[in-house]
Amino acid sequence: MSHTTLLLIAAAGVATLLLLILRAKVQPFVALVVVSIAVALAAGVPAADLVKTIEEGMGSTLGHIATIIALGAMIGRIIELSGGAQAFAHSLMDRFGSKRTPLALTVAGFILGIPVFFEVGLIILMPIAYGVARASRKPLLVYALPMGAAMLTVHAFLPPHPGAVAVTQAIGADQGLVLLMGIPVTAVVILLGYLVSRRMTRREYPMDPTVYAEVYGVDEPPTDGGAPATSAPDGHGTAVLTKPAPALVEEEVAPPSFAMVLTLIVTPILLILAGTLGQNFLAEDSTLRAALTVLGAPMVALLLDVALCAYFLGGRRGWDRTRIANVMTSALPPVAMVILVAGAGGVFGKVLVASGIGDAIADVLDRTGLPALFLAFLMALALRAAQGSTTVALITTAGILTPLLQRADLSTGQLSLVALAMGAGGLSVSHINDAGYWMFTKLAGLDVATGLRTWTVLTTTMGVMGFGLTAALWPLV
Numbered sequence: 000m001s002h003t004t005l006l007l008i009a010a011a012g013v014a015t016l017l018l019l020i021l022r023a024k025v026q027p028f029v030a031l032v033v034v035s036i037a038v039a040l041a042a043g044v045p046a047a048d049l050v051k052t053i054e055e056g057m058g059s060t061l062g063h064i065a066t067i068i069a070l071g072a073m074i075g076r077i078i079e080l081s082g083g084a085q086a087f088a089h090s091l092m093d094r095f096g097s098k099r100t101p102l103a104l105t106v107a108g109f110i111l112g113i114p115v116f117f118e119v120g121l122i123i124l125m126p127i128a129y130g131v132a133r134a135s136r137k138p139l140l141v142y143a144l145p146m147g148a149a150m151l152t153v154h155a156f157l158p159p160h161p162g163a164v165a166v167t168q169a170i171g172a173d174q175g176l177v178l179l180m181g182i183p184v185t186a187v188v189i190l191l192g193y194l195v196s197r198r199m200t201r202r203e204y205p206m207d208p209t210v211y212a213e214v215y216g217v218d219e220p221p222t223d224g225g226a227p228a229t230s231a232p233d234g235h236g237t238a239v240l241t242k243p244a245p246a247l248v249e250e251e252v253a254p255p256s257f258a259m260v261l262t263l264i265v266t267p268i269l270l271i272l273a274g275t276l277g278q279n280f281l282a283e284d285s286t287l288r289a290a291l292t293v294l295g296a297p298m299v300a301l302l303l304d305v306a307l308c309a310y311f312l313g314g315r316r317g318w319d320r321t322r323i324a325n326v327m328t329s330a331l332p333p334v335a336m337v338i339l340v341a342g343a344g345g346v347f348g349k350v351l352v353a354s355g356i357g358d359a360i361a362d363v364l365d366r367t368g369l370p371a372l373f374l375a376f377l378m379a380l381a382l383r384a385a386q387g388s389t390t391v392a393l394i395t396t397a398g399i400l401t402p403l404l405q406r407a408d409l410s411t412g413q414l415s416l417v418a419l420a421m422g423a424g425g426l427s428v429s430h431i432n433d434a435g436y437w438m439f440t441k442l443a444g445l446d447v448a449t450g451l452r453t454w455t456v457l458t459t460t461m462g463v464m465g466f467g468l469t470a471a472l473w474p475l476v
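All letters in the sequence shown, in the order written, are residues 0 to 476 by numbering that gives the first Met the number 0.
Note that these hints are calculated values from the structure, not bench results.
Careful, some of the hints might be misleading.
Claimed, not checked - Lysine-lysine pairs mimicking DSS-like chemistry, simulated, CA-CA at most 27 Å apart: (1) Lys98 with Lys137; (2) Lys441 with Lys137; (3) Lys24 with Lys441.
Stated by the list, open to error - Simulated DEER-style distance windows between Cβ atoms: (4) Asp284 with Met336: 37 to 47 Å; (5) Leu40 with Ala258: 49 to 59 Å; (6) Asp408 with Leu475: 16 to 26 Å.
Note that the structure is a prediction, hence the values are computed from the model and not measured.
For every residue, glycine included, the Cβ atom is placed at its ideal position computed from N, Cα and C.
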């Protein structure tokens, strides 16, 4: 079959995928599997090999990422339900001071965004932003915009979030190197995004009256859309108060300390980084290298951290074994579909390779003369803008570009930067087809136009900055 025919089949497959997800509202997992089967048959994959191709694509993907995503979700769930996330955020606010509270919440979004999924982190931290806005009488967006953008940036760039894990596995990058380079890149992007958001929030934006009343305890917002000039009467907006006064808190156990939560968040990261450094700098027959390789395997590092979280945030604070088990179990249903979508993305990638479409795409992309790094960013951005989901965009991009990347013979460090460039594309253009866009704008009380002028512009700006940083690192690896 000619390259032109294969490319037309691939284009029709991607278009069908977008139509199924956007117009027909088909669940992404089902849409990916249906399109994968259709593309395989149209591209000439023998019917006898079809099921084997699907099973291999699903198995090779989930065999690596399912455990990582599930364990990461458990860590985040324990931190959430133990009260560690809120205590951590309040501790940061105390340390930064009232004048730097927006920066404190941004840092909280960055750090808590590593183990906690974006949607969950937004639900945890947004009430804190509500309370701070009410206490300071400042617009909610001053606090919520950089905080939400920080969590979305981590979600797009760093493991153990599903898109980043799937991309790393699919293109053959190293998770340790992705973290080693990705954490500082993400931190710089978030800091730059914070500075951009400060300029964006100098002006006032209209706010939904219902959300306004909940935040400020006043039924009608001022005509300029800002916060009220005077304190609200007592008894309003009590669902989102700031840290309760000690006299009103009746807790059997004090919340986890700042140091405890921070230690538990960074432990698996440090173990993974130690494993990567050990493999690069220690002799092959070194006992220390062998130990670090085992401990630094992402699955092992996260498994150890789950045990530490269960003990220090659960068992040592009065949770019995049944409660600990129930908390861990409660983390799995929300990520089950994410895992299946990642697996279906692996099926699509396998079909592209088995049918020869991947090689045809690689030939065309080779002839464009564009660097692999730029192609990764641009394709992820386009798919993100077209269908909304960061995870689906990253997985689909990885499947399409894997043959090209294999042909390019890139180093592990370069592949890790390509993974980060895809993350930058997946961060960009969060708009009306993105569930995260609606979640943020509804919680922040923004209408569609205001959300596009603030949230969409900020995430896209940060995505472009992230790509710029990865491009700047390219000559160094």
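Tell me if the straight-line CA distance from lysine 98 to lysine 137 falls inside 27 Å. 11 Å, holds
Pairwise beta carbon distance, aspartate 408 to leucine 475, judged against the given window 16 to 26 Å: Roughly 18 Å apart at Cβ, these two residues keep to the hinted range, so it holds.
Mind checking the hinted window 37 to 47 Å against the Cβ distance between aspartate 284 and methionine 336? 44 Å, holds
Has the given pair, lysine 24 with lysine 441, been kept, meaning a C-alpha gap of at most 27 Å? Status holds; Cα separation ~21 Å.
So does leucine 40 sit 49 to 59 Å from alanine 258, Cβ to Cβ? Distance hint for leucine 40, alanine 258 holds at roughly 57 Å.
Holds or violated: lysine 441 to lysine 137, with C-alpha atoms at most 27 Å apart: 18 Å, holds
In summary, this structure violates none of the numbered hints.
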